[in-house]
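A.B. asks: Residues per chain are reported as follows:
Number of protein chains: 2
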Amino acid sequence: MHTVRVKLDKRSYDIVIGRNIIPSLGGYIKRLDIGESAYIITNPLVKSKCSQALTRELKKSGLKFKIRIIPDTEKSKSIATLSSVINDLAKFDKKSRTFIIALGGGVVGDLSGLVASMYKRGIPYIQIPTTLLAQVDSAIGGKTAVDLREGKNLIGSIYQPRLVFSDVKLLESLEPRQLRAGLAEIIKYGLIKDSRLFVYLERECKNILKLEPRALEHVVNCSSRIKADIVSRDEREAKGLRTVLNFGHTTAHALEAVTGFNKYNHGEAVALGMLVALDISRSLGLINSGLNKRAQRLIKAAGLPLKIDRIPLKKIMDVFYRDKKFIGAKARVVLITGLARPKVAQDVPSGIIEEAIRNRIKR
Amino acid sequence: MHTVRVKLDKRSYDIVIGRNIIPSLGGYIKRLDIGESAYIITNPLVKSKCSQALTRELKKSGLKFKIRIIPDTEKSKSIATLSSVINDLAKFDKKSRTFIIALGGGVVGDLSGLVASMYKRGIPYIQIPTTLLAQVDSAIGGKTAVDLREGKNLIGSIYQPRLVFSDVKLLESLEPRQLRAGLAEIIKYGLIKDSRLFVYLERECKNILKLEPRALEHVVNCSSRIKADIVSRDEREAKGLRTVLNFGHTTAHALEAVTGFNKYNHGEAVALGMLVALDISRSLGLINSGLNKRAQRLIKAAGLPLKIDRIPLKKIMDVFYRDKKFIGAKARVVLITGLARPKVAQDVPSGIIEEAIRNRIKR
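Line order of the protein sequences matches chains R and L.
In terms of my numbering, the first sequence opens at residue 11 and continues consecutively.
In terms of my numbering, the second sequence opens at residue 11 and continues consecutively.
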C-alpha cells in the first residue's frame, strides 16, 4: 500500500494505492469527516463488478448511500446527464451531510467531479478509479468536465477530490483494450518525466498486460507520484508545468475528433500522438533515432497502434489547428529533448507537424 | 468616482462606482487584457434602457460583442437556461478571446457568473449591476448560482468577476419598489457594520428614494467597501466572517420560500427578517429598545414592510428549519449586540425565534 500526497495547501489530499484496499475505505472517510451519506455515481458494468465490496464497507462503517448509474459512454458527459444527476442528488441529500463517490473510469470521474463542484457551491468527493487510465491520470488533479456539441470538455472546473482510492484489484475485470489504453499514459510519464519508469516498462510490459499485481501497483504508484507532483506545482496550468502532460495529446485530440470519438479510445489516440511528437522531436534533431526506436518498440509491446488508419491528412490538420490550446495559428506542441526531458515548443512550423502526421498514416 | 478593491491575491479586482462611467469601461477592459469579444448577458428591460451606452463604448474600443437576452424572472436561474446560454456562447466564441459581461440585476449576475465559471473551466467576466440590490450586494463576492426545484441557489460556485462596474446612472430607470429592496441591504450594512452609514441613512433616506446622485453614490460606495472587506477576508464563508452578511436572511429565505417567491422581493423579505432578528436581539437583552425602534423607523422610512402578511406560523417555521444553513436542528442566527456589532448566535432557543416571528405577523 502506498500513499501519494497532492499538495495544495488546505485542498491537499491523498492518493492511496494498493491491492484489495476497499475494506479500509471507511476509516479514511471517518478521518476526513466529510459526511454520513455517500452518493455513488457509477456505470452498469462497474456496478455489477465492483460495487459490492464498496457498499459492504460503507454499511460496515455506518454510512448511508445511494447508487446512481449513468451509461458507460462519452454521451453521459452531457449537460442533460449533469442536470439529471444533480436533481437526483438534491432529492437524496436531506438531513445528513452528503459526499460523492465516483466509482468508475474517466466519464464517471469527470461528471462526478463537476456535480460535486456545482452542488451547493461544492461538496466533498472521492475518486475510486476503476480503469488503469483513470488511476494513473484522470482521477488525479481535479479536472472535471462535460462536453458540448462544439467540443469535448468545454464545460468544467478545477475542483479537487478529498481522496483518490486506487485499488488495482478493480483492474482485474478490465478489458485488455482498456488496460492498454492506460499503459499509453504510463509510457507518456516515462517519456516525459521518469527514465527509470520507462526502463521498468520495457522490462515488465508483459507482466502488466498479464495483470501481475506487483507490477500494476508499481506503475500506478510511479504515475500517481508524477501526476501529483505536477498538479501540486501547477494546479491550473498557469505556469506551463502541467502543459507537459499534454505530450502526444494535441494529435490525439485531433484523431479522436476526426473519427467521431469511436474509432480510437483515448489511450490509443495518445499512443499515436506520442509517436507523432517523437517523430517531430527527431526531425528537429532534439532526440536521436535510437530513443525514437526504443519508444516505438515499447508502444508496440504494449499492444498499442503504430499507424493511423487511412484518414485524409487535411481533415486531421483542420481539427489540429482548432484545438483549444491554440490562440490564432500559434501552435504549442510538447516535445522531448531526451528521455524524461520534455520541452514545450511554441512555434513548430506546421510543415514539420504535417509531415510527421502524414508519415504515420497507413498507406 | 470611487474605486474599491476586493483583495484576493491573484484574483483581486476593482469595484468602480460613479455616475455615467460606462464611457470609461473600454479602458478598464484593455488594461485587464481579458479579451477581444464580449458576450453580454442581459434581460429585455435592461437591454432597452441600458445597453446602448455599453455597446457604443465597446464599439469605440474596437471590441466585438453579442447580446444574449434572458427573461427577467427567477425562472431564468435554471439548468435549462444555463445550458442554452452556454451552447450559444460556444457558438459565438471562435477565434478571439471571449469574456462575459453581466448587465442586469441578481438573476443576470448569478447566472452569468456560473456560465463564466463553467465554460472552458473558467473565462473572465465583468459585472455591470443595474439594480441597487446588485450594486451593493449580489454583484460583489463571486457567488454564482442557479436554482433547483429542491431549493434556490443549490447549484453554483464561488467565482470572482474581474471587475464590478457600478454606474448609479443605471439606477435612474429603476422601479421604486426595486430601489427600496436595495435600501434594505444597505440598512443591513449600517446595522451590522457601519454606524455612520446608519446615521447617514436616517438623514438621507428620502434623497436616496428621490435618486439624488450624490446620496446614491455615497451609499453604494460605503456598502461596496463593507462587502469587499468581508469577502476579502472570508471569501468562502469558512471563517464565519461572511456569515454576518446573513443578518435577517434566514427568516427572509423562509418568507420567500413559503410565499413561492412572488409575494415579497428579496429586499422586502430581508427587511422583515431584520425586524425579526432585531426583536430576537432585544428579547435576549442584547440591544435596548431604543435601537430597535430607530431601526424600525428607518425601515419604515425606506418604504419597506413592517409586518408579515397572514401566513401560518407553522409553515414559516417548517421552512426555517430546513434552511441550508442548518445541520440538524441547530439554529444559527445572526443577531446584533449594538449598532454595528454583529453576533453569530449558534443555539437560539426555537421558542424565542417563533415568538419573534409570530409578533411580526399581521393579526
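Hints listed in this document are in silico derivations from the structure and should not be mistaken for laboratory results.
Given the structure is predicted, the values throughout are model-derived calculations rather than measurements.
Do not rely on the hints blindly, as some may be mistaken.
Just so you know, same-sequence chains aren't split out, so a pair can sit in one copy or run between any two.
[Stated by the list, open to error] Subject to a maximum C-alpha distance of 30 Å in a straight line, what follows is the list of computed DSS-like cross-link-like pairs (lysine-lysine):
#, residue 1, residue 2
1, K57, K353
2, K101, K325
3, K20, K130
4, K324, K59
5, K85, K162
6, K273, K130
7, K130, K40
A.B. asks: Hints first: check each against the structure and report whether it holds.
C.D. replies: Cross-check of the supplied hints:
Within a single copy, K57 and K353 get their C-alpha atoms no closer than 41 Å, and across copies no closer than 48 Å, so neither meets the 30 Å cut-off. Taking the shortest alpha-carbon separations for K101 and K325, only the inter-copy value of 20 Å comes in at or below 30 Å, while the best intra-copy value is 46 Å. Both within a single protomer and between protomers do K20 and K130 lie at most 30 Å apart by alpha-carbon distance, with minima of 19 Å and 25 Å respectively. Taking the shortest Cα distances, K324 and K59 never come within 30 Å of each other, neither inside one copy (43 Å) nor across copies (48 Å).
Taking identical chains as interchangeable, the C-alpha atoms of K85 and K162 lie at most 30 Å apart whether they share a chain (10 Å) or sit on different chains (28 Å). For the homomeric pair K273 and K130, the shortest alpha-carbon distance between copies (25 Å) is at most 30 Å, but the shortest distance inside one copy (38 Å) is not. Taking identical chains as interchangeable, the C-alpha atoms of K130 and K40 lie at most 30 Å apart only when both belong to the same chain, with a minimum of 22 Å there against 34 Å between chains.
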